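There are 2 protein chains.
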Amino acid sequence: MNITRAALILLSLLFLLGFFQESVDGRPLLQSLSRPKPDDAALFARWLVSQSSWGVLNTIASDMGGAPFGNVVSFSDGSPDKGRGIPYFYLTTLDPTARNALKDQRSSFTISEYAIGTCGKTDPENPSCAKITLVGKLKVVNGDPKETSFAQTALFTKHPEMEGWPKGHNFQIFKLEIEEIFMINWFGGPKSLTVDQYLKVKMDSYTAIA
Amino acid sequence: MNITRAALILLSLLFLLGFFQESVDGRPLLQSLSRPKPDDAALFARWLVSQSSWGVLNTIASDMGGAPFGNVVSFSDGSPDKGRGIPYFYLTTLDPTARNALKDQRSSFTISEYAIGTCGKTDPENPSCAKITLVGKLKVVNGDPKETSFAQTALFTKHPEMEGWPKGHNFQIFKLEIEEIFMINWFGGPKSLTVDQYLKVKMDSYTAIA
Numbered sequence: 006m007n008i009t010r011a012a013l014i015l016l017s018l019l020f021l022l023g024f025f026q027e028s029v030d031g032r033p034l035l036q037s038l039s040r041p042k043p044d045d046a047a048l049f050a051r052w053l054v055s056q057s058s059w060g061v062l063n064t065i066a067s068d069m070g071g072a073p074f075g076n077v078v079s080f081s082d083g084s085p086d087k088g089r090g091i092p093y094f095y096l097t098t099l100d101p102t103a104r105n106a107l108k109d110q111r112s113s114f115t116i117s118e119y120a121i122g123t124c125g126k127t128d129p130e131n132p133s134c135a136k137i138t139l140v141g142k143l144k145v146v147n148g149d150p151k152e153t154s155f156a157q158t159a160l161f162t163k164h165p166e167m168e169g170w171p172k173g174h175n176f177q178i179f180k181l182e183i184e185e186i187f188m189i190n191w192f193g194g195p196k197s198l199t200v201d202q203y204l205k206v207k208m209d210s211y212t213a214i215a
Numbered sequence: 006m007n008i009t010r011a012a013l014i015l016l017s018l019l020f021l022l023g024f025f026q027e028s029v030d031g032r033p034l035l036q037s038l039s040r041p042k043p044d045d046a047a048l049f050a051r052w053l054v055s056q057s058s059w060g061v062l063n064t065i066a067s068d069m070g071g072a073p074f075g076n077v078v079s080f081s082d083g084s085p086d087k088g089r090g091i092p093y094f095y096l097t098t099l100d101p102t103a104r105n106a107l108k109d110q111r112s113s114f115t116i117s118e119y120a121i122g123t124c125g126k127t128d129p130e131n132p133s134c135a136k137i138t139l140v141g142k143l144k145v146v147n148g149d150p151k152e153t154s155f156a157q158t159a160l161f162t163k164h165p166e167m168e169g170w171p172k173g174h175n176f177q178i179f180k181l182e183i184e185e186i187f188m189i190n191w192f193g194g195p196k197s198l199t200v201d202q203y204l205k206v207k208m209d210s211y212t213a214i215a
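So the sequences go chain by chain: C and F.
Taking my numbering, the leading residue of the first sequence gets 6, the next gets one more, and so forth.
Taking my numbering, the leading residue of the second sequence gets 6, the next gets one more, and so forth.
Calculated from the structure, these hints are not laboratory results.
Mixed in with the good hints there might be a few duds.
30 Å max Cα-Cα, derived BS3-like pairs, lysine-lysine [what the hints assert, rightly or not]:
no., chain 1, residue 1, chain 2, residue 2
1, F, K87, C, K180
2, C, K142, F, K180
3, F, K207, F, K172
4, F, K87, C, K196
5, C, K126, F, K196
Restraint ranges, calculated between C-beta atoms of paired labels, are given here [to be verified]:
no., chain 1, residue 1, chain 2, residue 2, range
6, C, G122, F, G173, 39 to 45 Å
7, C, W170, F, S39, 37 to 43 Å
8, F, K151, C, E152, 53 to 59 Å
9, C, G70, F, V145, 16 to 22 Å
10, F, S210, C, T158, 46 to 52 Å
11, C, K108, F, D201, 27 to 33 Å
12, C, D86, F, D45, 42 to 48 Å
13, C, G122, F, E182, 29 to 35 Å
14, F, P171, C, K108, 39 to 45 Å
Over 12 Å on every C-beta distance to chain F, these chain C residues come out as not near it, computed from the model [said to hold, decoys possible]:
no., residue
15, R40
16, A47
17, K144
18, N147
19, G148
20, K151
21, K172
22, W191
23, S197
Just so it is clear, the structure is predicted and the values come from calculations on it, not from any experiment.
Note that beta-carbon positions come from the ideal geometry of N, C-alpha and C, so glycine has one too.
Using the sequences provided together with the hints, build the complete structure.
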């Protein structure tokens with residue numbers, strides 16, 4: 006009977022470990038909110054942004070013949086239940102993306118649902134595995150101290166190691182001022198979704214926990 | 006004793022399930038090759054491309070004021086041990102990326118090592134979690150039947166559901182003709198790596214299985 010109990014305890018631990026690992030691999034260690042219905046485009050878009058921790062930030066590379074230059078970056082729009090939908094980044098001009106943006110602010114930021122692990126076995130290009138591209142202008146955040154403080158907390162909460170990144174690299178907070186939204190989260194082409202509809206969603210009133 | 010045995014069998018099944026899940030979530034169900042040393046830039050770049058199944062493909066959106074437009078796509082450069090380093094895509098002009106490329110071929114394709122699950126707890130923007138951006142021209146593949154055949158097999162092997170995608174959507178094979186490579190896989194800035202060095206790596210002679 007002791008062996009049975011030991012096996013059952015071990016079994017329970019393995020289950021717990023399974024849940025824990027899911028929140029470590031590929032997802033930030035923050036509250037997971039359940040996936041909204043694809044029809045609710047605004048809520049779905051905000052959910053996808055709030056649950057993601059990284060994406061590809063695109064700028065125009067004038068030193069590469071004006072090519073669109075994508076770069077892997079971490080970001081945050083706030084903690085998942087308090088996100089505002091605006092992606093903030095922590096960039097250094099040692100990296101081409103920040104240098105490009107200071108010359109030409111045209112930009113887009115692309116996220117795949119595949120990266121957060123909720124697409125199952127569906128192919129990343131299948132329309133039912135959601136993807137979003139926020140198109141706009143990439144700007145340094147340095148005007149409003151309240152926004153700077155919100156952005157810094159948003160970034161350092163989701164990406165704890167950022168706080169320790171080398172001071173000499175002069176990391177600065179940037180944000181994407183969104184002008185257009187391209188999102189596919191089901192069959193039938195991109196969802197119709199305005200920036201206003203997207204920004205006015207209140208994530209703190211969406212309490213469905215995954 | 007029967008309960009003990011049942012518990013132990015269940016326990017073994019859970020272990021097996023754990024291993025199986027790791028190869029389903031986020032990685033293609035193909036041979037995994039072990040991570041090369043970051044110093045071997047050409048081999049590392051080819052490994053990262055061969056192990057990945059999706060990325061963000063960037064084009065110039067003339068209908069969005071010339072903004073750089075990133076889009077999540079699946080791709081393949083061949084099966085991991087026979088890849089050639091050239092990313093092939095399966096795109097339809099129902100999607101803006103293919104339409105953009107037919108007007109302006111300038112493009113880049115961006116992949117994060119974070120997506121293949123080998124970065125552990127390292128932040129996706131940390132230089133030790135590798136990222137690569139291949140910059141070049143995005144072109145339809147329709148000249149050489151041998152290349153078309155290689156590309157189609159490469160795509161359908163890595164992305165089995167592609168073969169069943171709607172015929173009416175007129176999917177076409179595209180490729181990125183690489184002109185420049187930007188890769189960070191350790192501290193100290195992007196690796197020096199020419200397109201020739203990248204393309205001449207023979208993956209079938211790299212047999213280190215993960």
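Do the hints match the structure? See the list:
A hinted pair counts as satisfied when its Cα atoms are at most 30 Å apart, and F/K87 with C/K180 does not qualify at roughly 41 Å. For the proposed pair C/K142 and F/K180, the alpha carbon gap of about 29 Å is at most 30 Å, so the pair holds. The suggested pairing of F/K207 with F/K172 is violated, with an alpha-carbon distance near 35 Å, which exceeds 30 Å. A C-alpha spacing of about 38 Å is found between F/K87 and C/K196, which places the hinted pair above 30 Å, so the restraint is violated.
Of the supplied pair hints, the one linking C/K126 and F/K196 is violated, its CA atoms being roughly 34 Å apart against a limit of 30 Å. For the hinted restraint 39 to 45 Å between C/G122 and F/G173, the CB-CB distance of approximately 31 Å leaves it violated. C/W170 and F/S39 have their C-beta atoms about 29 Å apart, which leaves the hinted 37 to 43 Å range violated. In this structure the supplied range 53 to 59 Å holds for F/K151 paired with C/E152, their Cβ-Cβ distance being about 56 Å.
Between C/G70 and F/V145 the Cβ separation comes to about 20 Å, which falls inside the hinted range of 16 to 22 Å. Distance hint check: the CB atoms of F/S210 and C/T158 are about 50 Å apart, consistent with the given range 46 to 52 Å. Checked against the given bound of 27 to 33 Å, the beta carbons of C/K108 and F/D201, roughly 30 Å apart, stay inside it. C/D86 and F/D45 have their C-beta atoms about 44 Å apart, which keeps the hinted 42 to 48 Å range intact.
Evaluation of the 29 to 35 Å hint for C/G122 and F/E182 yields a pass: the beta carbon distance comes to about 33 Å. Checking the proposed 39 to 45 Å range against F/P171 and C/K108 shows it holds: the Cβ atoms sit about 41 Å from each other. Taking the minimum C-beta to C-beta distance to chain F, about 16 Å, the non-interface status of C/R40 holds against the 12 Å cut. Residue-level check passed: C/A47 sits 20 Å from the nearest beta carbon of chain F, beyond 12 Å.
Residue-level check passed: C/K144 sits 14 Å from the nearest beta carbon of chain F, beyond 12 Å. Every Cβ of chain F is farther than 12 Å from the Cβ of C/N147; the closest lies at roughly 20 Å, confirming the non-interface assignment. Even its closest Cβ contact with chain F, about 23 Å, leaves C/G148 beyond 12 Å, as expected for a residue assigned away from the interface. For C/K151, the non-interface assignment is confirmed: its Cβ lies about 25 Å from the closest Cβ of chain F, beyond the 12 Å cut-off.
Once the 12 Å rule is applied to beta carbons, C/K172 is consistent with being away from chain F; the minimum gap is 15 Å. For C/W191, the requirement that its beta carbon stay farther than 12 Å from each beta carbon of chain F is met, with the minimum near 14 Å. A cut-off of 12 Å between C-beta atoms confirms that C/S197 is not in contact with chain F; the least separation is 15 Å.
Hint violations for this structure: numbers 1, 3, 4, 5, 6, 7, all remaining hints satisfied.
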